[in-house]
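Visitor: Generate coordinates for the entire structure from the input sequences, incorporating the hints supplied.
Residue numbers (the numbering used here), protein chains in the order written: chain A, 1255 to 1503; chain X, 1255 to 1503.
Heads up, a few of these hints could be off.
[To be verified] Among the chain A residues that face chain X by a calculated CB cut under 8 Å, a handful are:
1) Arg1323
2) Pro1326
3) Thr1439
4) Leu1440
5) Gly1479
[Stated by the list, open to error] Keeping only pairs whose Cα atoms sit at most 25 Å apart, straight-line, the calculated SDA-like set for lysine to any residue is:
6) Lys1341(A) with Asp1346(X)
7) Lys1393(A) with Asp1435(X)
8) Lys1393(X) with Val1271(A)
9) Lys1312(X) with Asp1346(X)
10) Lys1393(X) with Gly1460(A)
11) Lys1393(X) with Ala1408(X)
12) Lys1393(A) with Asp1343(X)
13) Lys1341(A) with Glu1430(X)
14) Lys1393(A) with Leu1270(X)
15) Lys1341(A) with Gly1396(X)
16) Lys1393(A) with Val1271(A)
17) Lys1341(A) with Pro1257(X)
18) Lys1341(A) with Glu1464(A)
19) Lys1312(X) with Ala1289(X)
[Claimed, not checked] Chain A residues, not near chain X, derived (Cβ > 12 Å throughout):
20) Ala1410
21) Gly1480
22) Arg1481
Hints in this document: simulated from the structure, not taken from any laboratory.
Yeah, the Cβ is synthetic: ideal placement off N, Cα and C, and Gly gets one too.
Protein chains: 2
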Amino acid sequence: MRPRFYAPAAGKTGDLVDLPDEEAGHLTRVLRLKAGAPVRVFNGRGGEFEAVVEAAAKGRVRVRLGIAREAPAEPRVAVTLAQAVLKGDGMDEVVRDAVMMGVAAVQPVVTARSEVSLAALARSRRRARWERIAVSSAKQCGRATVPPILEPRAFAGLVTALGRLELPGPGLIFVEPAAADAAQTLGELAAAPPRETTVVIGPEGGWEAEEIARAAAACRLVTLGGRTLRADAMAIVALAALYAVWNEY
Amino acid sequence: MRPRFYAPAAGKTGDLVDLPDEEAGHLTRVLRLKAGAPVRVFNGRGGEFEAVVEAAAKGRVRVRLGIAREAPAEPRVAVTLAQAVLKGDGMDEVVRDAVMMGVAAVQPVVTARSEVSLAALARSRRRARWERIAVSSAKQCGRATVPPILEPRAFAGLVTALGRLELPGPGLIFVEPAAADAAQTLGELAAAPPRETTVVIGPEGGWEAEEIARAAAACRLVTLGGRTLRADAMAIVALAALYAVWNEY
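Guide: Okay, structure coming up:
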């Protein structure tokens, strides 16, 4: 298989495009490819091409685009994953998994029980890090679309944005077993797949009752059965289950 | 919430039972609980009880069982996960995830492209390690059943066991996108949930064509769409998708 690189400038067959620095470094320093090497590139917006390295020196790489290739189809339901920021590497794993699963966007959220603030996220440039992880995951899974990582929001802002349809509805908020009484089952959601949706997943400590009450105004409450899922596994399980009942597989 | 411990000897209300060494160590050295502390215990076979620490000294712990408590229901479809042994910590993660998802048993498998042999697995006592991980995962997710980790088998032995119904059928083998032409979609499996099944998942390098051909005699080939899933994520995605289409959620 040809090695595959992210080239956001890739437009049409015949174009000469530069790779971003990080991709150029991967091509020259890790894979040690030279001019003439056959590769594949994707532009992050669904475009995928065969390509040939035209010049590769000192971390600067230019490729010539060959014929367009069909990338795997994107899911029919466009899911925005609104994920409460997790501790440590947990959020990195969720971003990586969510991109592999096919989400249309990731909306990081700071909730009452999140152990990080919006200010701390901004200082530590976490969003830029998640964007790099999204590119890396798209490379690995063969996806030609790199979903955007949206500016982190507070939970109150998320609910407002859902209410105003600044984020796609219906909102689906996944709740822990203890809060499942008021929740719908996945089977009840299956009947009519929406065109788009926002899936809301909580942090390690779960939701506060007040958050669930506020979310209920803008979201349907959904449960995934009686076992307590790890916070860093909740998104991948919810996405797999939703895509499955919506006939994505 | 009361801390929760694994007590395989727990039988009925009123019994005095010793905790296994590892659990006793957790109770005395990590949580520093003393006689009189209220706890919960589960026996790994679906039984769950309130309990009180009767004696706790030097890593030896005895508890008195109180009233029985209902544990979360086990999935209606009993899934044996036949997972190709992964590199590094990958298999540990799959065992942890699979127990949390609700599998009935884990069958480690050595395939053509596995980077480990049955002999090396036996030498390194990996099965005992996976059994400890299964207990730990059951504790975390609130499950009262600890699924057995079966003796690792070679792939050929797995196919034979499926053919002889020594492992529950139907066998479902998940294949990578490149091998998906001959495969069924998940939607086609949804119609009639089986009572039990064996779900077969490959290693990092995927299946050899010959393995897929052999498996096809004893298994249905199933695909999960066009994106390439990471080997250590394949099991959790497949399980979530199967439970979803079988109305488990």
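Visitor: Hints first: check each against the structure and report whether it holds.
Guide: Hint check:
Checking Arg1323(A) against chain X by beta carbon gives a least distance of about 12 Å; that is not within 8 Å, so the hint is violated. Annotation: interface hint on Pro1326(A) holds; nearest CB of chain X at approximately 3 Å, less than 8 Å. Contact between Thr1439(A) and chain X, as hinted, is supported at the beta carbon level, the nearest pair being about 6 Å apart and thus within 8 Å. Given the 8 Å rule on beta carbons, the hint for Leu1440(A) holds: about 4 Å separates it from the nearest Cβ of chain X.
At about 5 Å, the closest approach between the beta carbon of Gly1479(A) and any beta carbon in chain X falls short of 8 Å, and the interface hint on this residue holds. With a C-alpha separation of about 21 Å, the suggested pair Lys1341(A) and Asp1346(X) falls inside the 25 Å cut-off, and the hint holds. In summary, the hint linking Lys1393(A) to Asp1435(X) is supported, as the alpha carbons are separated by about 23 Å, within the 25 Å threshold. Of the supplied pair hints, the one linking Lys1393(X) and Val1271(A) is violated, its CA atoms being roughly 53 Å apart against a limit of 25 Å.
As the CA atoms of Lys1312(X) and Asp1346(X) are separated by approximately 30 Å, the hinted pair breaks the 25 Å bound. Between Lys1393(X) and Gly1460(A) the CA atoms are separated by roughly 18 Å; this keeps the pair inside 25 Å, and the hint holds. Proposed proximity of Lys1393(X) and Ala1408(X) is contradicted: the alpha carbons are some 30 Å apart, above 25 Å. Pair hint Lys1393(A) plus Asp1343(X) holds up; C-alpha atoms about 22 Å apart against a cutoff of 25 Å.
A hinted pair counts as satisfied when its Cα atoms are at most 25 Å apart, and Lys1341(A) with Glu1430(X) does not qualify at roughly 32 Å. Distance check on the hinted pair: Lys1393(A) and Leu1270(X) sit about 56 Å apart at the alpha-carbon level, beyond 25 Å; violated. Straight-line distance between C-alpha atoms of Lys1341(A) and Gly1396(X) comes to about 22 Å, which keeps the hinted pair within the 25 Å bound. Between Lys1393(A) and Val1271(A), the direct Cα distance comes to roughly 18 Å. Compliance with the 25 Å bound is thereby established for this hinted pair.
Pair hint Lys1341(A) plus Pro1257(X) holds up; C-alpha atoms about 22 Å apart against a cutoff of 25 Å. Simply put, Lys1341(A) and Glu1464(A) have alpha-carbon atoms about 22 Å apart, close enough for the 25 Å limit, and the pair holds. This hinted pair checks out: Lys1312(X) and Ala1289(X) have alpha carbons roughly 12 Å apart, not beyond 25 Å. Every beta carbon of chain X lies more than 12 Å from that of Ala1410(A), the smallest distance being close to 28 Å; the non-interface claim holds.
Listed as a non-interface residue, Gly1480(A) fails to keep its Cβ farther than 12 Å from every Cβ of chain X; the least gap is roughly 3 Å. Listed as a non-interface residue, Arg1481(A) fails to keep its Cβ farther than 12 Å from every Cβ of chain X; the least gap is roughly 4 Å.
Hint compliance for this structure: hints 1, 8, 9, 11, 13, 14, 21, 22 are broken, all remaining hints hold.
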